[in-house]
Amino acid sequence: MKKGADPKISSMVPSQESTLPAAPTFVRFWHRIKALQVKKREQIIGLCTIAPALFLILALTLYPVAYSIWLSLLEKHSFFPQERFVGLENYIYLWHDPEFWNSLWLGVVYSVWTIIFQIILGVAAALILNETFVGRGLVRAIVLFPYMIPTIVAVILWKWLLNDTYGIVNYWLLACGIVTAPVSWLGPDHIMFSVILMSIWQFFPFVLLSILARLQTIPPELYEAAKVDGASAVRRFLHVTLPQIRGILFVVILLRSIWMFTKFDTVWLMGEGAGAGRFIRTLPVYAYMRTLTYYQAGLGAALAVIMFAILVVCTVIYFRMFREEADIG
Amino acid sequence: MKRLKWRLNSNRSLIYIGAGLLALQASFPFLWMVSTSFKPPAEVFAQPPAFIPQEPTWDNFRRLFTTTNFLIYFKNSLVVSGAAVLLTMIVSAAGAYSLTRYQYMGREKIAGLILCTYMFAPIMIVIPFFILAKKLGIENTHFALVLAFTSFCLPFTLWLMRAFFATIPLELEEAALVDGAGRVRALVYIVLPLALPGIIATSIFTFILAWNDYIFTRILITSDELKTLPVGVQDLFHSALIDWGLIMAAGMMITIPALLFFLSVQRYLIRGWGAGGVKG
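Going down the list, the sequences are from chains A and B.
Numbering of the first sequence is given in our numbering, commencing with residue 1 and proceeding in unit increments.
Numbering of the second sequence is given in our numbering, commencing with residue 1001 and proceeding in unit increments.
Treat the hints with caution; some may be incorrect.
[Said to hold, decoys possible] Quick list of in silico lysine-lysine cross-link-like pairs, DSS-like style, CA-CA up to 27 Å:
hint : chain 1 : residue 1 : chain 2 : residue 2
1    : B       : Lys1134   : B       : Lys1075
2    : B       : Lys1075   : A       : Lys40
3    : A       : Lys39     : B       : Lys1109
[Said to hold, decoys possible] Under 8 Å between C-beta atoms, here's a sample of chain B residues computed to sit facing chain A:
hint : residue
4    : Gly1018
5    : Met1033
6    : Phe1065
7    : Thr1067
8    : Phe1074
9    : Val1091
10   : Tyr1097
11   : Tyr1102
12   : Ser1151
13   : Pro1155
14   : Ile1219
15   : Leu1226
16   : Pro1230
17   : Pro1257
18   : Leu1259
[As the list claims (entries may be wrong)] Derived DEER-like restraints, expressed as beta-carbon distance ranges:
hint : chain 1 : residue 1 : chain 2 : residue 2 : range
19   : B       : Asp1179   : A       : Ile116    : 55 to 65 Å
20   : B       : Val1188   : A       : Ile218    : 50 to 60 Å
21   : B       : Glu1055   : A       : Asp189    : 29 to 39 Å
22   : B       : Asp1224   : A       : Thr293    : 14 to 24 Å
These aren't lab readings, by the way, just hints derived from the structure by calculation.
On a predicted model such as this, the values are computed, not experimentally measured, just so you know.
In this text, a Cβ means the ideal position worked out from N, Cα and C, and glycines have one as well.
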């Protein structure tokens, strides 16, 4: 900071103390008081401008989450105001509830498979779209479409493609002789596969875009050096690209895991009306059903709390396991 | 030398094949939707299915607009998403300005807290939100929906706007202040014009998130005339025989606005992505 800078300005610059010109003591004192006044005013304005955002986040996100912990200790009908404190009864009930364990298992199956394939496909696609070729901008835009459309559209698209009698997928499979009878993609046996396939299609563009953004910042000199050294494409990926994208990969896997484990709309809409929804009743769907099909808001909240607790524990373990990556990311 | 050239070419063609497959897998379902939406009922169920409709018709769209509440849902979606964008943008622009321009106690803590709430999934918020909305007597109103969308988008938009604001050099504002301009004038004439692309991009992301939402609307809205598009269209499924032509026409009508907005911000996407990406 230059000497004699206006205190009003200097207080704007983060983490820099304003230094004042050498002057007689009383002038210095006067300057300091003025600077303090300005600083205080700036602080107040700063707090006032963040306040609405902070208030909305506290009132609309943190308070509901805290309230759901309280709600999980109550026996409460979703629509009527009566409520009764039951302590941990909801949790004890769920512990003995086979449907809960089943939904937990289905949720794990769904999220593990979708995450693995999203990451593999996303990274591979990002590597392709990072090369230069004619029409790259267009392909980059098209590939992101599935991520940007409403889930309901993705679901009706796939329900139509996979329709057992009139769907084009079955038509092709039959025409090519891969199957001999139409496959009931939305039936009990295949619905998990279908919803996983469709979720990968819908969500891998997120991985693609995150990785692509990072790939573009890798200096080309690194690759040239590796090429001069005679490294093959695979080795270049392992020793140049991978260390560079490790940080962002850490973040992407974390975010995708959280979002897939708590994914509600895709799974619910795929299962609804198909008659086989029971076979993809993951934890979020089960929490929703407890609240709005059985009207047991307390149990629904308990399920949401359990989901949250599982996420917190897994996140902590994840950060411990990949401490190094966490620092980069 | 020749071998090297051949290898280079084969690498290139592999990239083109890969890019072609990527474009095909993303676009085919949409093209199939467009094709189905222009087919008359008999052709929709024809075997073998034809990619180009033999007798293209607007009939599905006509029925969509006249026999269903589609236009009401469309209007509701526009109103609610627009209001959510407005509220989110005002609050998050002020917040982001505060986080990048002022110094106060706990500033970084607040930023960290915001990032944490970014990880809360809608399903964890929506159940208590619904109960609370009932207690306040605002369930089944667009107001509750706007609040819900705002709570859902705010962490993301604040984070994104903070990244955009951080790229605007402080020196420009300082220069304006030295020249005698007040804080407000510096904001209006220097910061806002520079932040405009970021503000537009962020508001369009917010719009897309609100436009696409299913879960909050499903839970908070019960009257048919207040429903937004995703929920309204899902209810088209509840007839005995699914009218695929009609549903595909509806799907197309929801997709078009989302896609137009998406294409208009596409070039900001990669830049904004470093800041956190779109939730979903």
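Hint-by-hint comparison with the structure:
1. Lys1134(B) - Lys1075(B): holds, 25 Å
2. Lys1075(B) - Lys40(A): Violated. Lys1075(B) to Lys40(A) sits at ~47 Å, over the 27 Å cutoff.
3. Lys39(A) - Lys1109(B): Status holds; Cα separation ~20 Å.
4. Gly1018: Check passed: Cβ of Gly1018(B) comes within 4 Å of chain A, closer than 8 Å.
5. Met1033: holds, 6 Å
6. Phe1065: violated, 18 Å
7. Thr1067: Violated - the Cβ of Thr1067(B) stays beyond 8 Å from chain A, reaching only about 18 Å at its closest.
8. Phe1074: Status violated, d = 13 Å.
9. Val1091: holds, 5 Å
10. Tyr1097: holds, 6 Å
11. Tyr1102: holds, 3 Å
12. Ser1151: holds, 3 Å
13. Pro1155: This interface hint holds because 7 Å falls under the 8 Å limit.
14. Ile1219: holds, 7 Å
15. Leu1226: Interface hint status for Leu1226(B): violated (17 Å vs cutoff 8 Å).
16. Pro1230: holds, 4 Å
17. Pro1257: violated, 10 Å
18. Leu1259: Hint on Leu1259(B): holds, closest Cβ of chain A at ~7 Å, below 8 Å.
19. Asp1179(B) - Ile116(A): 55 to 65 Å: Holds, at about 57 Å.
20. Val1188(B) - Ile218(A): 50 to 60 Å: Violated, at about 39 Å.
21. Glu1055(B) - Asp189(A): 29 to 39 Å: holds, 37 Å
22. Asp1224(B) - Thr293(A): 14 to 24 Å: Given about 20 Å between the Cβ atoms, the range holds.
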